[in-house]
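> Sequence:
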Amino acid sequence: GERLVGMPAKRQAVTNSANTFYATKRLIGRRFDDAEVKKD
46 GERLVGMPAK
56 RQAVTNSANT
66 FYATKRLIGR
76 RFDDAEVKKD
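Numbering (our numbering), first residue to last: 46 to 85.
The set of hints was computed from the structure by calculation and includes no laboratory data. Please note that a few of the clues may not be correct.
Said to hold, decoys possible - Capping the alpha-carbon separation at 27 Å, the derived lysine-lysine pairs in BS3-like fashion look like this: (1) 83 <-> 70; (2) 84 <-> 70; (3) 55 <-> 83; (4) 55 <-> 70; (5) 84 <-> 55.
When you get a sec, could you build the whole thing from the sequences and use the hints?
Shown next, in the form of structure tokens:
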């Protein structure tokens, strides 16, 4: 697939939200079962 960064990625998030990652820096070092991670 195609990788988008910056503004193109933000625009793509509207139409393809299921396959768009954003704000991933805050997830680094957390466990997947962490309550804060599950909330999002």
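> A separate judgement is required for each hint: does it hold in the structure or not?
Checked hints:
| no. | hint | result |
| --- | --- | --- |
| 1 | 83 <-> 70 | holds, 15 Å |
| 2 | 84 <-> 70 | holds, 16 Å |
| 3 | 55 <-> 83 | holds, 22 Å |
| 4 | 55 <-> 70 | holds, 16 Å |
| 5 | 84 <-> 55 | holds, 21 Å |
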